[in-house]
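Fit chain to chain and form the complex, with the hints in mind.
These protein sequences, in sequence, are chains A and B. Going by our numbering, the first sequence opens with residue 38, and the numbers climb by one from there. Going by our numbering, the second sequence opens with residue 313, and the numbers climb by one from there.
Think of the hints as simulated: they come from the structure by calculation, not from any bench. One should not assume that every hint holds.
No more than 16 angstroms apart at the CA atoms, straight line, and that leaves these computed lysine to aspartate or glutamate pairs for EDC-like [said to hold, decoys possible]:
| id | chain 1 | residue 1 | chain 2 | residue 2 |
| --- | --- | --- | --- | --- |
| 1 | A | 116 | B | 498 |
| 2 | B | 386 | B | 541 |
| 3 | B | 853 | B | 626 |
| 4 | B | 660 | B | 551 |
| 5 | A | 146 | A | 120 |
| 6 | B | 459 | A | 66 |
Chain B stretches covered by chain A per the calculated footprint, using a threshold of three residues with CB under 8 angstroms from any CB of chain A [said to hold, decoys possible]:
| id | stretch |
| --- | --- |
| 7 | 395 to 407 |
| 8 | 498 to 506 |
| 9 | 627 to 641 |
Being a predicted model, the structure only gives us computed values, none of them experimental. Every residue gets a Cβ at the ideal spot worked out from N, C-alpha and C, and that includes glycine.
One-letter residues, chain by chain:
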Amino acid sequence: MNQPASAYFLEERHDPTESHTLSVLVQNEPGVLARVIGLFSGRGYNIESLTVSETESQKHLSRITIVTTGTPMVIEQIKHQLDRMVPVYRVVDMTLTGRSIERELAMVKVRGGGDNRVEALRLADAFRARVIDATTESFVFEITGNSAKVSQFIDLMRPIGLVEVSRTGVAAIGRGPEGM
Amino acid sequence: MTDKSHDPNQMTGAAMIVRALIDHGVQHLFGYPGGAVLPIYDEIFQQSEVEHILVRHEQGAGHAAEGYARSTGKPGVVLVTSGPGATNMVTPLTDALMDSIPLVCITGQVPTHLIGNDAFQECDTVGITRPCTKHNWLVRDVNDLAKVLHEAFYVATTGRPGPVVVDVPKDVQFATGTYHPPRKSDVHVSYTPRVKGDATQIRKAVALLAGARRPVIYSGGGVINSGREASKLLRELVEVTGFPITSTLMGLGAYPATGKNWLGMLGMHGTYESNMAMHDCDVMLCVGARFDDRITGRTDAFSPGSKKIHIDIDPSSINKNIHVDVPIIGDCGNVLGDLLQVFKAEAKKPDIKAWWQEIAVWRARNSLAYRKNSEVILPQYAIERLFEATRGHDTYITTEVGQHQMWAAQFFGFEEPHRWMTSGGLGTMGYGLPAALGVQVAHPDSLVIDIAGDASVQMTMQEMSTAVQFELPIKIFILNNQYMGMVRQWQQLLHGNRLSHSYSEALPDFVKLADAFGCVGLQAIKPGDLDGALKEMISIKRPVLFDCRVAALENCFPMIPSGKAHNEMLLPAEATDEATAAAFAGGKALV
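Isolated chain B, as found in the complex (with noise of 0.2 angstroms):
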């Protein structure tokens, strides 16, 4: 036997986390000890090249990581212990699958000479995980554990990127085997996602969208994942074409709203212009997005006199839902890169006047307008407020889930991508407070705002918490109507206004509640306190909580009733009780 005493790769299960951490460029690690994990926690303490951000939920932690990782576009980490530390993850997980974030979880696992037994906090961590994550490991053996650990790595940062987990039985954190830096042999050679398109479908792309005459783009989270590049691509795509630009929630930031081509959002309560765009267009250029029902609406009124190019790094996307002409299987900035490089050799910017004049009729119709009020603060009147004192501001915002989503989606403009962290695919009420916690650990000198419900915000505001312990100076800005908006007003639309269990009897008074965490309380009630509040809320350099009482009953439009097509969208000025109720007419079935 050599003397492997010296050998600078011997080192415990636990110590080859923290040195793949290290390895991999990872800074920060949201996480919660507990039993199974504690050899690791031991490792953390003794180094400090990772920082560990300690959260006060499991679930806080995965969502952190989830803010961490769509502001920087970087993988978000996360250690938890075993048992309800991994359940506790399976929310942010889902999560993240559903919206296509990078996360690597640690989860820690009972002594493998235990596990199967129902021991003290054992859970079926690789079994409950299986579906929400792009692929999970058990370890086994201490000696497999460097290669698992890079391929978590790569599998989840490459190709449609997406969390993953690694669960290590404390046996394996304790027990000394051999680690290797990462190497390109620590990947399933079965794993090989594509990335450059076929040059003969981007080429018969360029040809549709050369001879379009109302042609429209549709992006999505996609060209945000695929990073910066593909966000400039787009913009010299769209430059270069001269095309409307219309894109889906979680695409939001990269075309800029200022932009001279934006549509503004697409989809249930997405704009007029953008949605009869799509559903008039005889080209569609789908980049990165995946015809989740929330755009189609009615699957099989979408856009009927349309071709379709539809460009995605994950082949299950292409026609799931809506038959594409011209799939493009690829990476979106790489794709784009190739395209753009193809039309400006071959193909001309096509006229389209005739296009834009229909356009600009539909715009007229401003489907965002709302009454304004002096007396009651309404939402969408905070937002554009908000909007306005941030200018200027390196701002990023994260959102819960609900109508205040929408709002902000509506009327907050982002200029650039990766600044918009909202929980689009699954819709995850209690994502915005603890997201903002990541980004601003990612981003300590920005502005980062979590535009908040009443509802949303309780369900996760134990990690104020952490934002106090940590100082991260993340401003919830609740616009507090004191009900599940979104769900009142579907009761209203669609239950005979009966609403079941919508209003939040027992609100807390968010002020003292911010005292008692030890933020910073502020609130506005009418509409002439809100802008001076704002400008103190950005002031300051703490975490603060900010109540802002809005308009009870006002609904989030416009709005295409679910199960129906685009062109019967409902807009605020038409919504009167009649016209809302045969629109909603038979849509009681549908999500």
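Okay, chain A solo, but in the shape it has when bound (with noise of 0.2 angstroms):
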């Protein structure tokens, strides 16, 4: 049987996936992330990336940036899904919105000596990640960029002696006046 069959086989249509950033706006209240990622981990979707972090304290607001991946069908599910949740404002499709910036920090710490300290120091710099910690045989550089950026910086030290890395996760903004 090689067409899909019942409902129960849709997710075996392989239809192209896109990626999309989403930014949800949340009352801050217990629980409130565990039903976010409950809600991936139940339905199944996809999580790339998850940013979530207090944004306006007066009025207990968080805003939850979550990278997800899948069918176009499946990314109007999770936004449908994520909006009638009773603690969620709204959630804003900043890839369909087309007019946002995604910004990610990562700390990346490189073990080394030599020619190898004089290469990082260098392409740290063509990146404008900054020196956060030195010492003798090691620096942890702080990276800002979209995360393609920030992925590039970090291949470029896989050789030179990457020891670890710490990635934020995305979050996102709308250019221009307007609030979402």
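Dropping the structure here:
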């Protein structure tokens, strides 16, 4: 049987998947993050990146930025499923608006000596990464940028002596004067 | 400090809970006491406005509350203790979530300082029930309790209804704080269900309907949930348009079974004419249903030539399984009202005579026909006779899950909404008996019948004791074929007739069992005994357990093998061994 049959085989359709960045404004109350994550795991959606922090403490608002992948139908579902949760105020698909800036911060630890130290500093300069910790045999760089730039920097550090990486995940905001 | 001792709104958390129930018009509460809810039970003892129905297992309380809610349109309310009390509620909560039933469940919790300590009868109730509720709350401060309780009722009953849990630690029940009656500001500002449909979309829908030549209306449980007015409007729409109408299992009764445009139920065990109409239609109007896999069959072959209009209050139901052309987000009743108004003002009844002629040909196949038998009672016959026997009575039907449920849906005619209580989405065996209790509590003078199977009924039969204690004269009508009939049917059709563990070796003697519980036990073995025994059952004003012995190996037809299209339905007359084998080839992996 090579054609999809019944709802159970929907997932086996190989429709092209897309990556979308969603900004979700939620009431900052206990369990709200568990609700959002539980939705993704329970319904089998992907989380590529997840960033969450309180953004307006007076109003107890938190902003969750989720990068997810799926077919257009699944992305649509994810947005509706998020939107109907009681503590969710708004869901904005930053990818669809096409007018958003995405940034990620990473701290990258590199170990090495001699030419490798020089090379690491040279690359860091090219990527506008800052040195935030240094010993005689290591650096910790702080780099900010879109995910591709951060990944590229990490890839370049690997042969030089990459020890470990801590990434914040993607934060996104719309361009222009309007808020979400 | 001011003296608050005379402030009537100063009270303990436990008192607030009872007070909130009263303020929300709750008359009945289903529950089971335990350590972590003792303060609440103490308050219940000292008042008479809310009647508490003591069940025998928390699952029974949940299903009873569901039956209560479905038959009244009011929320069902449950009170259970922490730990096992809460975990036993998981099944009914999930059931209510799947079928959009408003439940408010209050659970006790260990004192706040013990939370996280693996205390006696502790469990992470909000964590466990998060995926099976519409929303839930853990209340850590008694001064938040009133707000949370009011919000809980609001969330459960508005938008797409569903179950909610309020978890209240024991120290919060003892603590004193300030209560306030329900007010608007109790609700999350982020929770704003949409009730009114978009006018442009409604106009588009009317244009499609007016131009239809082969239309069908497909209604679901959303129409029932929306309230009686929605059913009335649906009937009016059918009248005004002259369109044929079918419904999901959950939607039975919104349009009367005797209505002239009624095609019967659709889906896996629906009628041939309804499924063919769905497959061949040019415009489909879906009202408050969700294109579930039991309805659609094979999704890529689902109604291939139609434009689809979908009315639903939950945006996440739109385009979930099936792409629709005109989505309308809003409450079924509200949208139907607007749609009717526009249709009457701007459109004419389209001429669909040719379509009705096509439908008549399908109808003539008589897809629910079965061979009569004078030796053994056929289950279809039993339901038909039960339906006849209950005519003229104010009847409510609940069911368990399996073959008997499908036969009940096929052969019992429902004329009104809120008369049919069945576990549709989750398919919970053991739902029907406790649900019947809930229905009977809400309608003490009505005839409430649980159409059961011999396997399902054993899952929650302890609740017969509840029926006796509270003098709830429910009738448990068991189609006893000594098998888990639907499991056996699938094993026969899909697994080489290897009947692995679907035979109940040691069934109880149901008549003696009834006696042991203090109910009345009846039995019918021959078709000739049936009518007399049914009459007797209905005349008895006490709980009755009716053991109706039916043909053991009868299969439920018609059937769309799962993974097949609507026009690949297997009819009973054609279900020879070869045809069956061919129809089911390759479908084994599906549910």
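Hinted pair residue 853/B and residue 626/B, Cα distance within 16 angstroms: Measuring from Cα to Cα gives roughly 42 angstroms; hence the hint is violated.
Coverage claim, chain A over the stretch 627 to 641 of chain B, checked by counting residues with Cβ within 8 angstroms (three needed): The restraint on the stretch 627 to 641 of chain B holds, since 7 of its residues have a Cβ under 8 angstroms from chain A and three suffice.
Hint consistency between residue 146/A and residue 120/A [alpha-carbon to alpha-carbon, up to 16 angstroms]: violated, 39 angstroms
Hinted pair residue 116/A and residue 498/B, Cα distance within 16 angstroms: violated, 26 angstroms
Pair hint outcome, residue 660/B versus residue 551/B [Cα-Cα no greater than 16 angstroms]: holds, 12 angstroms
16 angstroms limit on alpha-carbon distance, applied to hinted pair residue 459/B and residue 66/A: holds, 15 angstroms
Coverage claim, chain A over the stretch 498 to 506 of chain B, checked by counting residues with Cβ within 8 angstroms (three needed): Per the Cβ count (4), the hint holds.
Within 8 angstroms of chain A (C-beta), three or more residues of the stretch 395 to 407 of chain B: violated (count 0)
Pair hint outcome, residue 386/B versus residue 541/B [Cα-Cα no greater than 16 angstroms]: Satisfied, since the Cα-Cα distance of roughly 15 angstroms is no more than 16 angstroms.
In this structure, the hints that do not hold are numbers 1, 3, 5, 7, in rising order.
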